[in-house]
Amino acid sequence: MAKVNPKTTQTIARTLIWGAGAVTALILVAIVIYILARGLPFINWEFLTTVPRGGLSGEGGISSTIVTTLYLIGLTIAILVIPGVGTAIYLTQYARDNWPTNAIRYAINTLAGVPSIVFGLFGFALFVTVLSFNFSILSGALTLVCLLLPTLISTSEEAIRAVPPYQKEAGLALGATKWQTILHVILPAALPGIVTGIILCIGRAIGETACLYVTMGGSAAMPTSLLSGGRTMALHVFYLATDTSAFDKAMATAAILVIVVIIINSLTNWIARRFQLRLMGRS
Amino acid sequence: MDPKIETQKLSLFYRKFQALKSVNIKIREHNITSIIGPSGCGKSTLLRSFDRMTDLTPGVRIEGNTFLDGKSIFDPQVDVVELRKKVGMVFQHPNPFPKTIAENVAFGPKMLGMQNKMNMEETIEKSLRAAALWEEVKDDLDKSGLALSGGQQQRLCIARALAIEPEVILMDEPCSSLDPISTLKIEELMQELKEKYTIVIVTHNMQQAARVSDWCAFMLLGELVEYGATHNVFSRPTDKRTEDYITGRFG
Numbered sequence: 001m002a003k004v005n006p007k008t009t010q011t012i013a014r015t016l017i018w019g020a021g022a023v024t025a026l027i028l029v030a031i032v033i034y035i036l037a038r039g040l041p042f043i044n045w046e047f048l049t050t051v052p053r054g055g056l057s058g059e060g061g062i063s064s065t066i067v068t069t070l071y072l073i074g075l076t077i078a079i080l081v082i083p084g085v086g087t088a089i090y091l092t093q094y095a096r097d098n099w100p101t102n103a104i105r106y107a108i109n110t111l112a113g114v115p116s117i118v119f120g121l122f123g124f125a126l127f128v129t130v131l132s133f134n135f136s137i138l139s140g141a142l143t144l145v146c147l148l149l150p151t152l153i154s155t156s157e158e159a160i161r162a163v164p165p166y167q168k169e170a171g172l173a174l175g176a177t178k179w180q181t182i183l184h185v186i187l188p189a190a191l192p193g194i195v196t197g198i199i200l201c202i203g204r205a206i207g208e209t210a211c212l213y214v215t216m217g218g219s220a221a222m223p224t225s226l227l228s229g230g231r232t233m234a235l236h237v238f239y240l241a242t243d244t245s246a247f248d249k250a251m252a253t254a255a256i257l258v259i260v261v262i263i264i265n266s267l268t269n270w271i272a273r274r275f276q277l278r279l280m281g282r283s
Numbered sequence: 001m002d003p004k005i006e007t008q009k010l011s012l013f014y015r016k017f018q019a020l021k022s023v024n025i026k027i028r029e030h031n032i033t034s035i036i037g038p039s040g041c042g043k044s045t046l047l048r049s050f051d052r053m054t055d056l057t058p059g060v061r062i063e064g065n066t067f068l069d070g071k072s073i074f075d076p077q078v079d080v081v082e083l084r085k086k087v088g089m090v091f092q093h094p095n096p097f098p099k100t101i102a103e104n105v106a107f108g109p110k111m112l113g114m115q116n117k118m119n120m121e122e123t124i125e126k127s128l129r130a131a132a133l134w135e136e137v138k139d140d141l142d143k144s145g146l147a148l149s150g151g152q153q154q155r156l157c158i159a160r161a162l163a164i165e166p167e168v169i170l171m172d173e174p175c176s177s178l179d180p181i182s183t184l185k186i187e188e189l190m191q192e193l194k195e196k197y198t199i200v201i202v203t204h205n206m207q208q209a210a211r212v213s214d215w216c217a218f219m220l221l222g223e224l225v226e227y228g229a230t231h232n233v234f235s236r237p238t239d240k241r242t243e244d245y246i247t248g249r250f251g
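These protein sequences, in sequence, are chains Z and C. If you're matching positions, the first sequence starts at 1 in the numbering used here and goes up one per residue. If you're matching positions, the second sequence starts at 1 in the numbering used here and goes up one per residue.
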């Protein structure tokens with residue numbers, strides 16, 4: 001075989017890598033544009049503010065599903081953050097490098113690969129039945145917490161490990177206690193990575209259907225408390241697409257779902273930046 | 001005069017590896033003591049043991065003892081936070097926090113709960129002046145410490161260490177990542193600081209040790225080979241190994 005000029009291989013490599021990036025971006029943009037183009041024309045004020053009325057033609061709007069989704073995400077993240085980040089702090093700063101620690105880490109990584117419906121069945125058995133939270137947003141949120149903990153722990157652990165060790169040394173050498181160093185030096189530096197982990201979790205929570213179907217029921221009524229059952233937007237899209245002929249409304253709901261994801265992510269980033277400034281001592 | 005720091009048969013092990021071999025050294029107050037030696041000779045380990053930063057490495061074991069003002073620093077009753085308040089440290093690479101210049105200096109006093117806000121500004125100015133950085137940054141106290149040049153960052157780290165009013169300042173190759181002009185500034189600064197503080201500096205640079213220090217220790221393979229007045233160590237070394245090292249025959 002003839003030798004290929006290194007410049008040629010360089011050009012080929014660059015084209016391929018550039019192409020791979022372009023294809024990914026194109027697919028993403030195509031999906032978003034398709035959903036928005038199909039969905040946006042059917043969105044109006046009435047669609048956003050009325051409760052789904054059901055029926056084969058998918059009467060009504062999606063108001064209760066938006067509210068249920070926001071409640072569920074809010075509650076899930078509120079319960080998730082402290083044990084998730086706390087475990088990551090424990091694993092990186094306190095745990096010794098011995099077999100129990102490695103066993104915990106192995107368990108976390110294994111849990112991250114378990115299908116969500118398995119968590120759903122567990123949630124149904126424990127939260128819905130044994131603890132009698134019934135079909136409720138609370139049961140759904142607790143199930144999501146179990147599902148998402150491994151993800152948040154791993155991403156937070158990575159973020160904390162990425163903080164240069166000399167930052168920690170600087171804090172300790174100045175007479176700060178270990179906890180002060182964690183709180184005022186390590187966490188602020190790791191925060192952007194931790195927030196990325198939280199956003200990943202929100203994304204997954206918004207997209208979940210199966211494990212919520214078995215823990216929240218799927219009632220289309222407007223939730224009155226965190227103990228109400230409910231139907232998230234993703235579940236509603238599933239209903240509309242499979243049980244009704246209202247494919248347009250499914251698309252419209254999907255479009256709202258995409259917009260909500262974008263809003264929540266921007267909001268999370270904004271809050272995190274404010275929080276980071278405060279931890280660093282600026283208010 | 002009683003030594004500020006004194007080690008007695010100090011040995012330190014990283015698991016099975018012995019990094020310090022029965023080191024006996026007396027560090028004199030208000031003097032600059034340099035520790036020189038080839039890479040891996042244990043000089044940084046010795047320095048880091050003075051404020052027990054060696055505790056951070058898993059598997060460290062210590063034999064013998066170290067005294068600060070006649071009190072053992074390894075005594076179980078010793079509060080390591082109190083020790084590090086008295087013994088400050090400046091690291092090899094400038095490591096300011098990603099915070100403003102003012103917050104960097106205020107960090108130590110804040111963590112130690114030393115001051116209220118009123119005299120915090122005073123402390124910040126005093127520390128930055130003492131580190132010969134005030135004139136350059138007095139209008140930019142709200143800028144990030146990371147926006148400074150390498151030499152300025154290192155002086156910021158010195159100011160940060162001075163803010164907790166230590167008695168001893170340990171410097172671990174403080175100029176190794178700095179240009180000659182910044183290095184000169186730090187060296188001049190050290191001469192001013194020794195009036196108030198006891199300074200121990202680890203350096204790879206023998207000219208630097210000869211220029212700045214009053215006392216010089218030469219280490220090799222975890223052993224303290226020679227220790228004496230700097231001009232004696234450099235002009236009339238008593239040990240063949242010291243002579244070989246300072247004349248550049250190895251290391």
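The set of hints was computed from the structure by calculation and includes no laboratory data. Note that the coordinates shown come from a computational prediction; the quantities given were computed from them, not determined experimentally. Treat the hints with care, as some may be off.
Unchecked claim - In silico DSS-like cross-links for lysine-lysine, where the CA-CA straight-line distance does not exceed 30 Å:
1. C:LYS71 <-> Z:LYS178
2. C:LYS185 <-> C:LYS138
3. Z:LYS178 <-> C:LYS240
4. Z:LYS3 <-> C:LYS126
5. C:LYS185 <-> C:LYS240
6. C:LYS110 <-> Z:LYS178
7. C:LYS9 <-> C:LYS26
8. C:LYS185 <-> C:LYS9
9. C:LYS110 <-> C:LYS21
10. Z:LYS178 <-> C:LYS126
11. C:LYS85 <-> Z:LYS178
12. C:LYS71 <-> Z:LYS3
13. C:LYS126 <-> C:LYS143
14. C:LYS240 <-> C:LYS110
15. C:LYS86 <-> Z:LYS3
What the hints assert, rightly or not - Some chain Z residues well away from chain C (every beta-carbon gap over 12 Å; in silico):
16. VAL67
17. ILE108
18. SER154
19. ALA173
20. VAL185
21. PRO188
22. GLY217
23. LEU277
Stated by the list, open to error - Pairwise CB distance ranges, derived in the manner of DEER restraints:
24. Z:LYS178 <-> C:GLU187: 29 to 35 Å
25. Z:ALA95 <-> C:ASN24: 35 to 41 Å
26. Z:ILE271 <-> C:ASP139: 27 to 33 Å
27. C:PRO38 <-> Z:THR268: 38 to 44 Å
Beta carbons: idealized from backbone N, C-alpha and C, even for Gly.
**Study point:** Agreement of LYS85 of chain C and LYS178 of chain Z with the hint, judged by alpha carbon distance not exceeding 30 Å
**Key:** Holds. LYS85 of chain C to LYS178 of chain Z sits at ~14 Å (cutoff 30 Å).
Point to revise | Given pair status - LYS110 of chain C, LYS240 of chain C, alpha carbons within 30 Å | key: Violated, at roughly 49 Å.
**Study point:** ILE108 of chain Z non-interfacial with respect to chain C [C-beta, more than 12 Å]
**Key:** holds, 22 Å
Check your understanding: Is LYS185 of chain C within 30 Å of LYS138 of chain C, Cα to Cα?
Key -> holds, 18 Å
Practice item. Take the C-beta atom of PRO38 of chain C and the C-beta atom of THR268 of chain Z, compute their distance, and say whether it sits inside 38 to 44 Å. Key: This hint is violated: roughly 51 Å between Cβ atoms.
Exercise for review: Grab the minimum beta-carbon distance between ALA173 of chain Z and chain C and tell me whether it stays above 12 Å.
Suggested key: For ALA173 of chain Z, whose nearest Cβ neighbour in chain C is about 4 Å away, the distance does not exceed 12 Å, so it is violated.
Exercise for review: Below or equal to 30 Å on CA atoms is what counts here, so check LYS185 of chain C against LYS9 of chain C.
Suggested key: violated, 36 Å
Check your understanding: Using the C-beta atoms of ALA95 of chain Z and ASN24 of chain C, is the stated range 35 to 41 Å upheld?
Key -> holds, 37 Å
Exercise for review: Against chain C, does VAL185 of chain Z hold up as non-interface, every C-beta pair farther apart than 12 Å?
Suggested key: The claim breaks: VAL185 of chain Z does not keep its Cβ more than 12 Å from every Cβ of chain C (closest is about 6 Å).
Exercise for review: Sort out whether LYS126 of chain C lies within 30 Å of LYS3 of chain Z, counting only the CA atoms.
Suggested key: violated, 67 Å
Review point. Are the Cα positions of LYS126 of chain C and LYS143 of chain C separated by 30 Å at most?
Key: Status holds; Cα separation ~18 Å.
Point to revise | 29 to 35 Å as the expected CB spacing between GLU187 of chain C and LYS178 of chain Z, which holds or is violated | key: holds, 34 Å
The earlier numbered hints that this structure contradicts are 3, 4, 5, 8, 9, 12, 14, 15, 19, 20, 21, 23, 27.
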